[in-house]
Each structure stands twice: as structure tokens, then as C-alpha cells.
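Just so you know, the sequences run in chain order A, B and C.
Per this note's numbering, the first sequence starts with residue 1, numbered consecutively.
Per this note's numbering, the second sequence starts with residue 291, numbered consecutively.
Per this note's numbering, the third sequence starts with residue 611, numbered consecutively.
Just so you know, the hints here were simulated from the structure itself, not pulled from any lab data.
Please note: incorrect hints may appear among the correct ones.
[Said to hold, decoys possible] Not the full set, but computed from the structure, chain A residues with beta-carbon under 7 Å of chain C: (1) 80; (2) 81; (3) 171; (4) 173; (5) 175; (6) 178; (7) 179.
[Unchecked claim] Listed next, the in silico BS3-like pairs over lysine-lysine satisfying Cα-Cα at most 30 Å (straight line): (8) B/606 x B/296; (9) A/84 x B/602; (10) B/417 x B/435; (11) C/674 x C/612; (12) A/84 x C/679; (13) A/88 x B/297; (14) B/417 x A/118; (15) A/262 x B/419; (16) C/674 x C/716; (17) A/84 x B/606; (18) B/608 x A/88; (19) C/716 x A/84; (20) C/834 x C/782; (21) B/417 x B/608; (22) C/679 x C/612.
Using N, Cα and C, we set each Cβ at its ideal position, and we do this for glycine too.
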Amino acid sequence: MDSFLLQVTAGLANGGIYAAVGLALVMIHQATHHINFAQGEMATFSTFIAWAMIQAGVPYWVAFVATMVVSFVAGLLIQRIFLKPVEKAPILTNVIVFVGLLVIFNAFAGWIFEHTIKSFPSPFPVEGMFLPQYFSGHQIGSITVTLVVLLSVFCFFRFTPLGLAMRAAAFNPESARLVGIRVSWMLALGWGMAALIGAVAGMMIAPVVFLDPNMMAGILLYGFAAALLGGIDNPWGAVVGGVILGVLENILGAYVIGSDLKLTMALILIVTILIFRPYGLFGKPIFSRV
Amino acid sequence: MSATSKKIIFILSAIALLLLPFLLEDFRVFQVNLVLIYAIAILGLNILTGYGGQISLGHGAFYAVGAYTSAILISQLGMSSYLTIPIAGVVCLVMGVLMGFPALRLAGHYLALATFALAIATPQLLKYKAIEHWTGGVQGIVLEKPTPPFKLVLFGNDLSEDRWLYFVILAIALSLFWMAHNLLSGRVGRAIMAIRDQPTAAAALGVNLTIVKTATFGLSAAYTGVAGALSALAVAYIAPDSFPAFLSISLLVGVVVGGLGSISGAIFGALFIQFVPNVADEISKSAPWAVYGAMLLALAYAAPNGVMGILKTIRKRKQV
Amino acid sequence: MKLLDVTNLNAWYGPNQVLFDLNFELHVGGITTILGANGAGKTTTLRAVCQAVHTTGSMTFLDKRIDGKATEDIVRVGIAHVPDGRGTFTALTVEENLKLGAYTRKDRREVEADLERMYARFPRLKERYRQQAGTLSGGEQQMLAISRALMLRPRLLLLDEPSFGLAPLIVKEIFEIMRQINQEDQVSMLLVEQNASLALNLADHAYLLETGKIVLSGPSADIKADESIRRVYLGY
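Just chain A, with the same shape it has in the complex (with noise of 0.2 Å):
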């Protein structure tokens, strides 16, 4: 009974990662109704960063401010830069254009950082602060830290008018435009907002799966599952979704299948998910009268 304890509360830890990519997920659909294939290498970038800057000294918690800083930054400019362009072509050039950046954002990570596995540090305790025999300082702290993220992404989105816009604009660039809202800005904001909950994603998991170029991968596709299984658009529901898969990959990996086919696990999860509740367990179908 402890062990399966264990693994359930591992899971929790996981799914608290899984959940925070999945925010980063939400966020872009918010913002512009695509899929950034690319937000798990961004994020791991943005990691690549923080390290560097911890290696050269900074103290953590600074480090740990300006990579979110930075990564805004780079994220609304990435928008502005590349995807505006393609903002008007159909799916399939989006989608090029979210590769190509997905695979240059990989390589520049293994020719900056290079290759080799490193250690990213931790900025909690060892010990939990809470059940310590089920959860450690790091668990606690990047549940935490998650939670705090979904807070804020789900009271701006909700309570903001900056959010209102930002969904606005999604759904219906030319109605906003009528209002007032420059659509433009706003998918560059969301970008923005994205890559800097990637960069807090990547640097939460780092300390547990260790820093190299393709640390994000798997953790993708188990972001998109979490934003899936909880409702592309709805905030509490990545969480949710990520913390139920997390408890499932661990429990299924310890007693049913062995953790060799955690990736597809996570492929069958996104099909059927995809199949028989497209909009998650906590979405919202849209009304639209013909």
C-alpha cells in the first residue's frame, strides 16, 4: 500500500510538470487557436539560459526572474518576427513554420550548450515541507509553483479585459478588430505569455530529468495530453488533466505495462482523447447558430 503511494504521489509531482506545459499550451490556443509544436524546445532553451546564468553566478531566484523575462520577450518577438507573416496561409504552412522553429530551437541548444547532460539546481529544501515521506522539497515546490501559474493565467484570462481581448481576438480577429483590439498584438502577447510559463515549466523539471537538448520531448506530448484530457481552452482542466495523467502513467508503469511505452501511452491517451471527447472532460463545446 506505501509503495502504491509512492507512486501515486510521484505522479502528483509529474503531473504538476505536465500540467504546466500544458498551461504554456493553453495559453498560445487562447491567444491564436494554433498548436506550438515547438513550445517544448523554446522552454527547454529558456532553461539552457537560466543555467547559464547560474553558472556564471547569479543567484537563483534572479536567474530564475530574468529567464521568465527574457523568455516573454523572445516569445512576443518570435511572433512578430515569424509567424506574423504566415498569420492569413492555411494550417499546413503554420504548422512548417512551428517545425522550423521547433527544430532550430533544438539544434541551437546542442550547439550553444553542446550535449552533454547537465545539472540544473533546485530552490527548495531537500526535505518536504509537507508529508515529507511521500513528497520531496521539489515536489512540494514546483506544485506550488504550478498552482500559483494556473492562478494567474485563469484570473487574467477570466477577470482581465486584456484576457477578454486576448480571447476575443482568437475567436474572431475581424469582430475585434471592430472593437478596437489590435489582433496582432495580441497573439504576440500570448506567445509572450506562453514561452515564459514554458521557460517556469522547463525549469521546474529540470532538477528531476536533468538538462540536455531533447529534455522536453516526451514531456511535450504529455503536456498536450494534460491540455487535451482537461479542454483545450480551459485552464484548471491542464491542470487537472495533468495531474490524473501523471498518477496514470506512474501507476500503469509500475503495475501494467513497465515504463518502456510511457511515450505511447501518452499517444493512445491523445488519440482517444482526440476521439471520443475532443473537447477534454471540462470543455466547453461552442454554440454557433447557422
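Starting from the known structure of chain A, arrange chains B and C on it as the hints suggest.
Chains B and C alone, transformed into the frame defined by chain A:
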């Protein structure tokens, strides 16, 4: 261009194609073989994505299944190499049709996402210990290239295994291209494209969406599966890591480079994905993929209709 | 001072020219209507004012040039557009739609007051303020679209076929409300309509558009009275 000049060009090209392998070293012939194989795979993907409008970022999986089908049949059952090719095609056809069903419910990003998940999961699935007995696990399967059935020497080069394979692959490629051309320029092609552009209208006109869409998936998978099987013969070695997610991405790149909905474009796409990573390597030893990615972006902005799109534009300008 | 002065307006959809050398003007406080058959270019004219299509020619709003500005900036000058098809944010709630109408305004308290006034004028919207806008009936969506535009406190309201797809009783109601808005809130209007008789009853001035050119213009009373014009051009 008169009919006679067209005929002359046709005959000259045919002769060139037949003599080509003897004018190149073995290694170059090997590369040409890969180009032809990729062209078939890219054509397969184009049928689904270019004509059918269904985005697939997971065609590497069909390529892998085709390759492994062939390899397993040869190494475990001692089957003739040539026989495994159509069998691989059929296996992938079935797999493609089966995948076509869930794909009915998905579109755009979601389909791209689901197929991308397939691409990422494929190497892991191939390494799965439970089926190691068949797949050879992480080490993969080693094969022998089929031996040429007769001897021939031209321009000082003998009919090596690679050169013989060239003719086999060329014959298969030409038949598959011809088949695709006939299929897609006729009723079937129009039905597929109608579904891509206006599914509701197509259905109203009596096109059975389910059958056409799943059949398109199946056909597309079959083509790519055949390419995979041929690659097993050409490379004579397959392993799970021969089919990473990047392969699926490369195939899609090939489709875009060649031009969506273009059959002849597949050759340009294949040339791109075979040789550009090498060129990128020359430009920057440390980050060839970055250059590759940059080229992808350049394509998306400057040539969204691929090489064939550019050629069409040039031809139009000349007419005016 | 003229509210809107349009000179030598040409407009294109891609390579196709749709409007040819339009000249018209609107006066403060008036209601002007543009009539014409399907495809005459009426919707394009409204889009041209909002700079949502490529145009040449000059447009001046309250003595300031607006041609060449982006749509988002024209809104800020005081022009609100109720597009054809209503343009509601169907996935958002009624209240969110209304709040978005006031997006460019900085006077929070006044915005709240305006919101209450909209609810007072359209009680049905108040009932449904938390519903997804897409679930509203056609007439309710039209009311929502107009209210959203009014939340801007515009000087000029552009309306594209407000009667489209609505039952006659609802249309009557909406046109009556439009008259009230014009008189009570002093909002000038440029109305594009296929239903000529409705439009002529509401507007004080009319332009008739045929394949992108203005073929007739004058006070709506005169046009209404002239039987031959009505029969030939307006079909009644």
C-alpha cells in the same frame, strides 16, 4: 513545344535514366536510390495531405512498419526480398485504413498533433522488449542486399547490388507514380480533393466521406510503406533509431518543398531531404539542423507552394 | 461640419475593383442609407470606411483624414461598425460581448453606467447576460450587436443589413430602436439595407448603388414619393 521534340526529350531522358547508375560510383547510386525511395514516401504523404487535406506528422510510422515487415519476412521466414515489397504495401494499407477511422474525427492541428504523437512514440514502440524476438530490439535487423540476377559492365562499372537495386526501385517508382497520376486525375482524385475543399458539399453530391477518407489514408500509408520496405533492402540494416520523429517531419518537409498536391514535386522534395542536411552540415558543422530549420522557414514564407509552385509561376509569366 | 466626407473612393477585393469613384457625405445627427441590389457593393462601402479593404481616394471624418488608417484606429476615432452577420463573439457571454464594445474607452465608471443603460433598453439581453452569445436568437443577436457598437459611444454607427434573416416584427422593433438611438443619443448612422422601404422610412438621405457606382442620391422623402424611381430601382 512540338510533339516530335517532346518525343525526343522523352527518349533521351529514358536513355539517361537507364545509363545513370553506370556513370556514378556505388555510393552515389546508393544516394540516388534513397532519393527515389523518399520520392515514393513523399508521394504517399502528398496523397493524404496535399490532395486529401489531412495533415500527417506521423508518416514515419508507416515507413517503419513497411521496413520492418520486409525485414522480418526476410530474416525470420526467409522470404524473397521482392515478394516482401507488395506484402509490406498491403500491411501498411490495412494499417492506414484502420488509422483513417479515428482520423475522421480529427482535423487540422488536432490531426497533426495525434500523428505527431505517433511519430514520437514509434521508436519507443519498436524497442519494446516483448516483441524483441521479432524486431531485434535496439540492435535491429541486419539484411543482405539482393544479388543482381545477371552480370553487366558499362562504362567500366559492373552491375553491383546498388545498381541493380536502382533499376528495381526505378521500375517500382515509375509504376507507382503512373498509378497515382491516373488515380488522382480521374474521378477518385476529384472526390478526394472535393472532400478537402468542401466536405459538406461533397457529401451532398454523393461522395461517401468515410470510404474516401479512410481509403485515402490507406493508399497513402501503402505508398509510404512500400518506400519503407525498399529502404530496408537498400540500406540492408534497420533499427528503431532509424525511424525517429524527425523522419516524419522530413517527409512533410519533402511534401511542402515539392508542392502540395503535386506528383512530380515529390522528386524535388526527395532531393531536398536527402541532400540538404548534408549541405547544411557543410555550412555549419555544429548546427546542421538549424540551417535545415531555417530553410523550412524560408520555404514557408517564400514558396508556400513548393518548387512546383515556383515553376508554375515562372511558366505563367513566360506565357504572358 | 460634415461628419463623414468621402471623395473618389475606389475599392478592390484583391485584383477585382468593386467600387468606382464614390462620392458621398454624411451630416452630423443624420441617418443616411445606401440601397442597392445584391452585389452592388453596399457592404464593401461600409468595409471601405473601416479600411477593411484596399481603397484609394480620401475619407475625412470630422475634418480628420481616416483613409490609410488601420481598422483598430478608425474605431478609436468614433466609428462603430455592426457588420453583416452581426459579428458577435459567439463563444463569449453576452456581457463579455458588451464589455468588449467599450474596449478602447478609459472611463470605467461611465462604461458601467452605459452597460446598465443597454440592459435597460434591451431587457432580453439583461436576462441572458451570462449566456453564450451564440445561443441567442437572431433578433437578440442583432440587439447585442447594436448594443456592443453603442458601448463605444460612437459618433457614427455603421449598420450592415440589420434586417437580414429576421422576422418582420423583430425588424420593426429594431428599426424603432435605431430611430430612438439616433434621436436620444445623437448617434449619426450610415445604414446599408436591401429592404428599401424600411430604410427610406428611417433615413433622411439615401444613395443608390449599382455595380459599385452611385446612380441616385437625394432626400429619402423625395425618393419615396417618386413612383417611377421606386418601381425602376427599388422594385416597389
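> Which earlier hints can't be squared with this structure?
Replying inline: 1, 2, 4, 13, 21
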